[in-house]
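Here is what each chain is made of, one letter per residue.
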Amino acid sequence: DIVLTQTPLSLSVTVGQPASISCKSSQSLLRSDGKTFLYWYLQKAGQSPQLLIYEVSGRFSGVPDRFSGSGSGTDFTLKISRVEAEDVGVYFCVQGIGLPWTFGQGTKVEIK
Amino acid sequence: EAQLVESGGGLVQPGRSLRLSCKVSGLTFGDCDMSWVRQAPGKGLEWVAFIRRKGFGGTTEYAASVKGRFTISRDDSKSIAYLQMDSLETEDTAVYYCTRRWGTFGPLFDNWGQGTLVTVSS
Numbered sequence: 001d002i003v004l005t006q007t008p009l010s011l012s013v014t015v016g017q018p019a020s021i022s023c024k025s026s027q028s029l030l031r032s033d034g035k036t037f038l039y040w041y042l043q044k045a046g047q048s049p050q051l052l053i054y055e056v057s058g059r060f061s062g063v064p065d066r067f068s069g070s071g072s073g074t075d076f077t078l079k080i081s082r083v084e085a086e087d088v089g090v091y092f093c094v095q096g097i098g099l100p101w102t103f104g105q106g107t108k109v110e111i112k
Numbered sequence: 001e002a003q004l005v006e007s008g009g010g011l012v013q014p015g016r017s018l019r020l021s022c023k024v025s026g027l028t029f030g031d032c033d034m035s036w037v038r039q040a041p042g043k044g045l046e047w048v049a050f051i052r053r054k055g056f057g058g059t060t061e062y063a064a065s066v067k068g069r070f071t072i073s074r075d076d077s078k079s080i081a082y083l084q085m086d087s088l089e090t091e092d093t094a095v096y097y098c099t100r101r102w103g104t105f106g107p108l109f110d111n112w113g114q115g116t117l118v119t120v121s122s
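Chains W and C are the protein sequences, given in the same order.
In this text, residue positions in the first sequence follow my numbering: the first is 1, and each later residue adds one.
In this text, residue positions in the second sequence follow my numbering: the first is 1, and each later residue adds one.
Extracted from the complex, chain W is given alone in its bound form:
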């Protein structure tokens, strides 16, 4: 199975400051047609996860443009340009290049 390793596991950020989360895969997530299957989800406290980013950098409908995804192959990053109070929660990356789909451990983001 593909293993995704997220760092850091927790992050304390001041409102208005940037934040960055890394997700490293044990195998390349690049398909032969050039697509890369790495996704990001946010789970706020007491809520179901919600999709933020698909295929590395595609921002899902309704996701604020302060969220951006980047990376290639095995190394990926989720960036929040200016953290807002509503961004607190646990962020998960997940890979879709092959079954089983596997998630990273999660990164807890809190406000300093």
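Don't read these hints as lab results, they were simulated from the structure.
Wrong hints could be hidden among the right ones.
[What the hints assert, rightly or not] Under the rule of at most 35 Å between Cα atoms (straight-line distance), these lysine-lysine pairs were calculated in the DSBU-like manner:
| # | chain 1 | residue 1 | chain 2 | residue 2 |
| --- | --- | --- | --- | --- |
| 1 | W | K112 | C | K43 |
| 2 | C | K67 | W | K112 |
| 3 | W | K108 | C | K54 |
| 4 | W | K35 | C | K43 |
| 5 | C | K78 | W | K24 |
| 6 | W | K44 | C | K43 |
| 7 | W | K35 | C | K67 |
| 8 | C | K67 | W | K44 |
| 9 | W | K24 | C | K67 |
| 10 | C | K43 | W | K79 |
| 11 | W | K112 | C | K78 |
| 12 | C | K23 | C | K43 |
| 13 | C | K54 | W | K35 |
| 14 | C | K43 | C | K67 |
| 15 | W | K112 | C | K23 |
| 16 | C | K54 | W | K44 |
| 17 | C | K78 | C | K67 |
| 18 | W | K112 | W | K79 |
| 19 | C | K78 | C | K43 |
| 20 | W | K24 | W | K35 |
| 21 | W | K79 | W | K44 |
| 22 | W | K108 | C | K78 |
Since the structure of chain W is already known, use the hints to place chain C on it.
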């Protein structure tokens, strides 16, 4: 607006069975690929099972941890996805989320239910 509503969770003894249901509204269910994702208490997310829409064969996929014990199915006439869980183990204790997979590849889950808690304990 799409709604996914899970039901059927509860307390069950090890070795027993439970069936979860996921009622979908606001979507054309027959065009939906459906999946179950679980989250053990205080832990991360784990993909459990997946069923394709009938137009793509209605085929199923499972995580190794549940293969042979869990069965995902669907009733398009009722807009319900099911997860039949047999030979339950204490490690199956988790909140189980029903999700709709958008598109045709990968875990692009654009709609989630609120989750239903399954507790396996004697």
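Status of the hints after comparison with the structure:
With a C-alpha separation of about 23 Å, the suggested pair K112(W) and K43(C) falls inside the 35 Å cut-off, and the hint holds. For a cut-off of 35 Å, the pair hint linking K67(C) to K112(W) is broken: about 43 Å separates their Cα positions. Between the alpha carbons of K108(W) and K54(C) the distance comes to roughly 38 Å, so the proposed pair goes past 35 Å and is violated. For the hint pairing K35(W) with K43(C), the CA-to-CA distance comes to about 30 Å; that is within 35 Å, so the pair holds.
A threshold of 35 Å between alpha carbons decides the hint, and for K78(C) with K24(W) the separation of about 41 Å lies outside it, so the pair is violated. Of the supplied pair hints, the one linking K44(W) and K43(C) holds, its CA atoms being roughly 14 Å apart against a limit of 35 Å. Our distance criterion of 35 Å between C-alpha atoms is met by K35(W) and K67(C), whose separation comes to about 29 Å. A C-alpha spacing of about 30 Å is found between K67(C) and K44(W), which places the hinted pair at or below 35 Å, so the restraint holds.
The hinted pair formed by K24(W) and K67(C) meets the criterion: a straight-line CA distance of about 27 Å does not exceed 35 Å. A C-alpha spacing of about 23 Å is found between K43(C) and K79(W), which places the hinted pair at or below 35 Å, so the restraint holds. With a C-alpha separation of about 47 Å, the suggested pairing of K112(W) with K78(C) is violated against the 35 Å cut-off. Under the criterion of a C-alpha separation no larger than 35 Å, the hint pairing K23(C) with K43(C) is consistent with the structure, at around 26 Å.
About 25 Å separates the Cα atoms of K54(C) and K35(W), which keeps this hinted pair within 35 Å; it holds. A distance of roughly 21 Å separates the Cα atoms of K43(C) and K67(C); the hinted pair therefore holds under the 35 Å criterion. Between the alpha carbons of K112(W) and K23(C) the distance comes to roughly 40 Å, so the proposed pair goes past 35 Å and is violated. Taking the CA atoms of K54(C) and K44(W), the gap is about 33 Å. The hint holds against a cut of 35 Å.
Distance hint between K78(C) and K67(C) is fulfilled; the C-alpha atoms sit about 25 Å from each other, no more than 35 Å. Between K112(W) and K79(W), the direct Cα distance comes to roughly 17 Å. Compliance with the 35 Å bound is thereby established for this hinted pair. The straight-line distance between the Cα atoms of K78(C) and K43(C) is roughly 33 Å, inside the 35 Å bound, and the hint therefore holds. Restraint check for K24(W) and K35(W): satisfied, since their Cα atoms lie roughly 17 Å apart, inside the 35 Å limit.
Distance restraint check for K79(W) and K44(W): the Cα-Cα separation of roughly 17 Å lies within the 35 Å cut-off, and the hinted pair is therefore satisfied. A hinted pair counts as satisfied when its Cα atoms are at most 35 Å apart, and K108(W) with K78(C) does not qualify at roughly 38 Å.
Violated hints, listed in ascending order, are 2, 3, 5, 11, 15, 22; each of the other numbered hints is respected by the structure.
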